[in-house]
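K.L.:
Sequences listed follow chains U and A, in order.
First residue of the first sequence: 1, per the working numbering; consecutive thereafter.
First residue of the second sequence: 1, per the working numbering; consecutive thereafter.
Among the hints, erroneous ones may be present.
One copy or two, either will do: identical chains are not told apart, so a pair holds if it fits within one copy or between any two.
[As the list claims (entries may be wrong)] Once the Cα atoms are required to be at most 35 Å apart in a straight line, the calculated DSBU-like pairs of lysine-lysine come out as: (1) 252 / 76; (2) 444 / 426; (3) 407 / 15; (4) 199 / 126; (5) 252 / 401; (6) 401 / 130; (7) 407 / 76; (8) 91 / 130; (9) 15 / 281; (10) 55 / 281; (11) 401 / 281; (12) 55 / 25; (13) 444 / 91; (14) 305 / 407; (15) 401 / 125; (16) 5 / 256; (17) 91 / 125; (18) 401 / 55; (19) 252 / 25; (20) 252 / 5; (21) 125 / 55; (22) 55 / 91; (23) 125 / 426; (24) 130 / 5; (25) 401 / 76; (26) 15 / 401; (27) 191 / 76; (28) 401 / 126.
The hints are simulated quantities; they were obtained by calculation from the structure and are not laboratory data.
Protein chains: 2
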Amino acid sequence: MIPYKIYLSEDELPKQWYNVRADMKTKPAPILDPATGKPVTLEQLSGIFCTELAKQELDNDTPYIDIPGEILDFYKMYRPSPLVRAYFLEKALDTPAKIYYKFEGNNTSGSHKLNSAIAQAYYAKKQGLKGVTTETGAGQWGTALSMACAYFGLDCKVYMVKVSYEQKPFRREVMRTYGANVTPSPSDTTKVGREILAKFPGTTGSLGCAISEAVEAAVTSDGYKYVLGSVLAQVLQHQSVIGLEAMTACDKYDIKPDIIIGCAGGGSNLGGLIAPFMGRKLRGEADYRFIAVEPASCPSLTRGKYAYDFCDTGMVCPLQKMYTLGSGFMPSPNHAGGLRYHGMSSIISELYDEGLMEARSVEQTSVFDAATMFARIEGTLPAPESSHAIRVAIDEALRCKETGEEKTILFGLTGTGYFDMVAYQKYNDGEMSDYIPTDEELAKSLASLPNIG
Amino acid sequence: MIPYKIYLSEDELPKQWYNVRADMKTKPAPILDPATGKPVTLEQLSGIFCTELAKQELDNDTPYIDIPGEILDFYKMYRPSPLVRAYFLEKALDTPAKIYYKFEGNNTSGSHKLNSAIAQAYYAKKQGLKGVTTETGAGQWGTALSMACAYFGLDCKVYMVKVSYEQKPFRREVMRTYGANVTPSPSDTTKVGREILAKFPGTTGSLGCAISEAVEAAVTSDGYKYVLGSVLAQVLQHQSVIGLEAMTACDKYDIKPDIIIGCAGGGSNLGGLIAPFMGRKLRGEADYRFIAVEPASCPSLTRGKYAYDFCDTGMVCPLQKMYTLGSGFMPSPNHAGGLRYHGMSSIISELYDEGLMEARSVEQTSVFDAATMFARIEGTLPAPESSHAIRVAIDEALRCKETGEEKTILFGLTGTGYFDMVAYQKYNDGEMSDYIPTDEELAKSLASLPNIG
Numbered sequence: 001m002i003p004y005k006i007y008l009s010e011d012e013l014p015k016q017w018y019n020v021r022a023d024m025k026t027k028p029a030p031i032l033d034p035a036t037g038k039p040v041t042l043e044q045l046s047g048i049f050c051t052e053l054a055k056q057e058l059d060n061d062t063p064y065i066d067i068p069g070e071i072l073d074f075y076k077m078y079r080p081s082p083l084v085r086a087y088f089l090e091k092a093l094d095t096p097a098k099i100y101y102k103f104e105g106n107n108t109s110g111s112h113k114l115n116s117a118i119a120q121a122y123y124a125k126k127q128g129l130k131g132v133t134t135e136t137g138a139g140q141w142g143t144a145l146s147m148a149c150a151y152f153g154l155d156c157k158v159y160m161v162k163v164s165y166e167q168k169p170f171r172r173e174v175m176r177t178y179g180a181n182v183t184p185s186p187s188d189t190t191k192v193g194r195e196i197l198a199k200f201p202g203t204t205g206s207l208g209c210a211i212s213e214a215v216e217a218a219v220t221s222d223g224y225k226y227v228l229g230s231v232l233a234q235v236l237q238h239q240s241v242i243g244l245e246a247m248t249a250c251d252k253y254d255i256k257p258d259i260i261i262g263c264a265g266g267g268s269n270l271g272g273l274i275a276p277f278m279g280r281k282l283r284g285e286a287d288y289r290f291i292a293v294e295p296a297s298c299p300s301l302t303r304g305k306y307a308y309d310f311c312d313t314g315m316v317c318p319l320q321k322m323y324t325l326g327s328g329f330m331p332s333p334n335h336a337g338g339l340r341y342h343g344m345s346s347i348i349s350e351l352y353d354e355g356l357m358e359a360r361s362v363e364q365t366s367v368f369d370a371a372t373m374f375a376r377i378e379g380t381l382p383a384p385e386s387s388h389a390i391r392v393a394i395d396e397a398l399r400c401k402e403t404g405e406e407k408t409i410l411f412g413l414t415g416t417g418y419f420d421m422v423a424y425q426k427y428n429d430g431e432m433s434d435y436i437p438t439d440e441e442l443a444k445s446l447a448s449l450p451n452i453g
Numbered sequence: 001m002i003p004y005k006i007y008l009s010e011d012e013l014p015k016q017w018y019n020v021r022a023d024m025k026t027k028p029a030p031i032l033d034p035a036t037g038k039p040v041t042l043e044q045l046s047g048i049f050c051t052e053l054a055k056q057e058l059d060n061d062t063p064y065i066d067i068p069g070e071i072l073d074f075y076k077m078y079r080p081s082p083l084v085r086a087y088f089l090e091k092a093l094d095t096p097a098k099i100y101y102k103f104e105g106n107n108t109s110g111s112h113k114l115n116s117a118i119a120q121a122y123y124a125k126k127q128g129l130k131g132v133t134t135e136t137g138a139g140q141w142g143t144a145l146s147m148a149c150a151y152f153g154l155d156c157k158v159y160m161v162k163v164s165y166e167q168k169p170f171r172r173e174v175m176r177t178y179g180a181n182v183t184p185s186p187s188d189t190t191k192v193g194r195e196i197l198a199k200f201p202g203t204t205g206s207l208g209c210a211i212s213e214a215v216e217a218a219v220t221s222d223g224y225k226y227v228l229g230s231v232l233a234q235v236l237q238h239q240s241v242i243g244l245e246a247m248t249a250c251d252k253y254d255i256k257p258d259i260i261i262g263c264a265g266g267g268s269n270l271g272g273l274i275a276p277f278m279g280r281k282l283r284g285e286a287d288y289r290f291i292a293v294e295p296a297s298c299p300s301l302t303r304g305k306y307a308y309d310f311c312d313t314g315m316v317c318p319l320q321k322m323y324t325l326g327s328g329f330m331p332s333p334n335h336a337g338g339l340r341y342h343g344m345s346s347i348i349s350e351l352y353d354e355g356l357m358e359a360r361s362v363e364q365t366s367v368f369d370a371a372t373m374f375a376r377i378e379g380t381l382p383a384p385e386s387s388h389a390i391r392v393a394i395d396e397a398l399r400c401k402e403t404g405e406e407k408t409i410l411f412g413l414t415g416t417g418y419f420d421m422v423a424y425q426k427y428n429d430g431e432m433s434d435y436i437p438t439d440e441e442l443a444k445s446l447a448s449l450p451n452i453g
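Use the sequences and the hints to build the structure in full.
P.N.:
What follows is the structure, encoded as structure tokens:
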């Protein structure tokens, strides 16, 4: 019998990250300099990011990258994460499907974000920097980066999306406990923040705004670089530890997933989970269905456009080709959680555009239905973000019940919802609402796309 | 090399609980009926507790009790818990000591409490009850019981100490998500609550008050029994899974602890962690130093009296012989966390009284110093309760540094502090205070001890 929880031993942990771009026939489109419309150089990118991370960002060819020893040590603090067989959920659903989830929530950041935070902090330290700046939405990335910076003795400046800052005072306090400096975004501490505040008074912020502020804070301060928790190719590469561990565990127990599901905001957890499986698919060694799940309130893959766009609202960042709703898209404050980003990882975007994976959007109330059901049956109270994947995993398992198919479903449970109780309270009180942007709203924000590519 | 985290495999998990009373030469003094001063009978105790649990409570002789299959299944949802080698902390302290901790926080209740909650819910279900009532202090026990009740489809009524109810609205919300009904205590929903409110208007409550209310709610409702998260012998017995797992892991890797440390409120985690090791000591097979750590603000072992006392403020419960500050003792609301109980497990009390273990009290600020240090070095943000044990583990490791001794220290990290950020905020803002009751205050509350035993 397959155990409830599969824990790899420490010597089975991945010692290299996997870069799925190396196996992609069509590489993600290059990042462009908005001023010239030409691909950014390593030198340009190193103005924003640590040099080593800029190199990783531009490397479409190296399939495996050694994980430095100090990062491997830190990983052992909270990894391996368990691959859990959802026996209780299978029984409750009375489905012939076999359900597994890779649970990344057993660390204080409450999510998978620590996998990339520690890598980015390491390279910043190695480069002799004083500190880093970043944005955070739900607060998981900011917490993860605070932990990583505390470990390496780096200063950490976090711009936190205002709606989260207000809904999650305790997230802020965790970051402070790890020594970080946290500012609600948009703020008057940056030029771009002041401009956004003037243009959208009363805005509750977005990841796009917060990115602009954090980038400005980095490029205008000596000894600081900017780090980002999702979207980037380097982040997906660091997150490949999720998929590599999952694949090792699956292979060890002869588990063959048919469907692999992950929630998708910027795409980092999904990209990390599917990476090595996608590699096998790209190399023709195996086949899987991959499903990206996004909120109906912020549907970049299912209703966005595949085009070059700014990664941030303030249009200070380079351009990426990606599925986007337009960098001016302001997600509804009704929506809980960290999937409030207008764009999508260029890797995920390209794979999706080639038909190598699917995408589905789900509404908030049905996501919390799934979250509450999962909490009661499987014990763990999931993060709202992760619950998007749970929703679709349950839907697929129920479909198997109808058809009698014994599919094997693997999904990413990226984190816990302990800091999301304001959202759960709304749900418990019947005050949660579903918000779907109208076609007109989307057309308006898509009109802001730059004329490139 | 010993791994950072030792996870037992599922077939190494304990299949029986261990009842340390069976190996004690002097048994804990019997529970007395306050009306007659005579030992309570099984029949009397069954008026409050489920019959099977009442039997376990009175059983001083059976050393091993089979864990029912349904409980074993549930345990697999979140157990085994890891035995962690604190390599990072050892390095930071530059100590020759080897430090291990058994981490019980990787579940949604955030603590070890689930180990007994699921057992008590199981026996309630098996007895055909409609539901259970209980109290909760920091909220960990209430959350654990809510989870257990959700699993078995039982109704769950929780009386939550008012200071926690107010400081931890999100704890309340987690319980609601698991379907529990939560009332701040003291409340006007019970006779005893109304009396306490009249006598101490404006009180922020205590575990003792909340127990009285929960017991009253149980005995006055059809189909309900009362369950308790600590203090009782049955609870320590269920918690023995902590110690049994820890001992199996230690034996497997030839780890020989010299000092075993646990925080002590009612004594359940400490009693569970030390149980099998204490068994070896009692049987003369090995020797260990055991240290109970309590808050200086609620020092039942270090400044209390070993005497018969009520378990609750309302004096509706049977009498236990224990180290107590008097059932009228109202702990300072300044103190964060769940160690605010006037008494101590009768098992721990007897072992302490016989000199088989030590006790130490620590002040709040130094506890949060240790907590913050631990969070930054070992990654996990600890619960304030657990941080009492961290404080003393660090102190002992620093002593080893002075003496050059290579002691092996094992402590219980009972839970995470994600719901304790109000307390961390006070600490981060420099507004945390230390409170130590005066001798006069203690003399006053000890004057309420009944004249028995």
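K.L.:
Going through the earlier hints one by one, which of them does the structure break, listed in rising order?
P.N.:
4, 13, 18, 27
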